[in-house]
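Sequences are here, hints too, so could you generate the full structure?
Those protein sequences? They're chains A and B, same order as listed.
Numbering-wise, the first sequence is residues 1 to 113 according to the working numbering.
Numbering-wise, the second sequence is residues 1 to 118 according to the working numbering.
Treat the hints as calculated values from the structure; they're not laboratory data.
Check each hint, because a few of them may be wrong.
Simulated crosslink set (DSS-like; lysine-lysine; CA at most 30 Å straight-line) [stated by the list, open to error]:
no. : chain 1 : residue 1 : chain 2 : residue 2
1   : B       : K64       : A       : K3
2   : A       : K3        : B       : K66
3   : B       : K41       : A       : K69
4   : B       : K66       : A       : K69
5   : B       : K14       : A       : K3
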Amino acid sequence: LAKTTQPISMDSYEGQEVNITCSHNNIATNDYITWYQQFPSQGPRFIIQGYKTKVTNEVASLFIPADRKSSTLSLPRVSLSDTAVYYCLVGDGGAGGSYIPTFGRGTSLIVHP
Amino acid sequence: GAVVSQHPSWVICKSGTSVKIECRSLDFQATTMFWYRQFPKQSLMLMATSNEGSKATYEQGVEKDKFLINHASLTLSTLTVTSAHPEDSSFYICSARSPGLAGPETQYFGPGTRLLVL
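Pasting the structure below:
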């Protein structure tokens, strides 16, 4: 079971790029890395998912080094609406198996004007 | 795509009553669904894994007789909080695992259900 560690909180300003790193030292070979965003009183929202190297979509980029023991979520030009808690989740992306999705404490990002 | 709904979005009930929460995957079939609870300022805590057509697997410390889970179809799982008490008041969130047609399976979450037991 891959345990994740993230900074508890981060502060940024509108227009800046924000990078949030997650450590997952005991990631398994078949584990994928998924990042979620959660606003108060809402369910987590899928942001991005990857296995290795770099993944980019319309809202974020995900950087994963060769050893896969960490990953970095990059949010370009954040706005006030990006203030939220961000979670990384590590687990088996394959069908079936013993996938037990366990969340860490997440990173509370506050974007200032 | 990959939308998960929950109903109701909030519920207030008296102590001792039972409350049922529904979780549906609207545009995909999910063989596996998960139930979480979340207290204020805390992370999501996995309660149980629900597999279609079989008994749910509960995490350590979660009472299976109190939190009844039924995964009757590939698009519906229900969580029933039996004989609810004030300490059961929390934010309950379900998720469904979407099959990876061109990639890995991904977990998508419902909007959550706020339960207040008086």
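Review point. Straight-line Cα separation of K66/B and K69/A no greater than 30 Å?
Key: Given that 30 Å is the threshold and the Cα spacing comes to 38 Å, the pair is violated.
Review point. Are the Cα atoms of K14/B and K3/A separated by 30 Å or less?
Key: Roughly 38 Å between the alpha carbons, so the hint for K14/B and K3/A is violated.
Review point. Is the straight-line distance between the alpha-carbon of K41/B and that of K69/A 30 Å or less?
Key: Judged against 30 Å, a Cα distance of about 27 Å means the pair holds.
Exercise for review: Would you check the hint for K64/B and K3/A, treating anything up to 30 Å between C-alpha atoms as holding?
Suggested key: 25 Å, holds
Check your understanding: Would the pair K3/A and K66/B pass a check requiring their Cα atoms to be no farther apart than 30 Å?
Key -> Answer holds: K3/A to K66/B is near 28 Å, not above 30 Å.
Hint compliance for this structure: hints 4, 5 are broken, all remaining hints hold.
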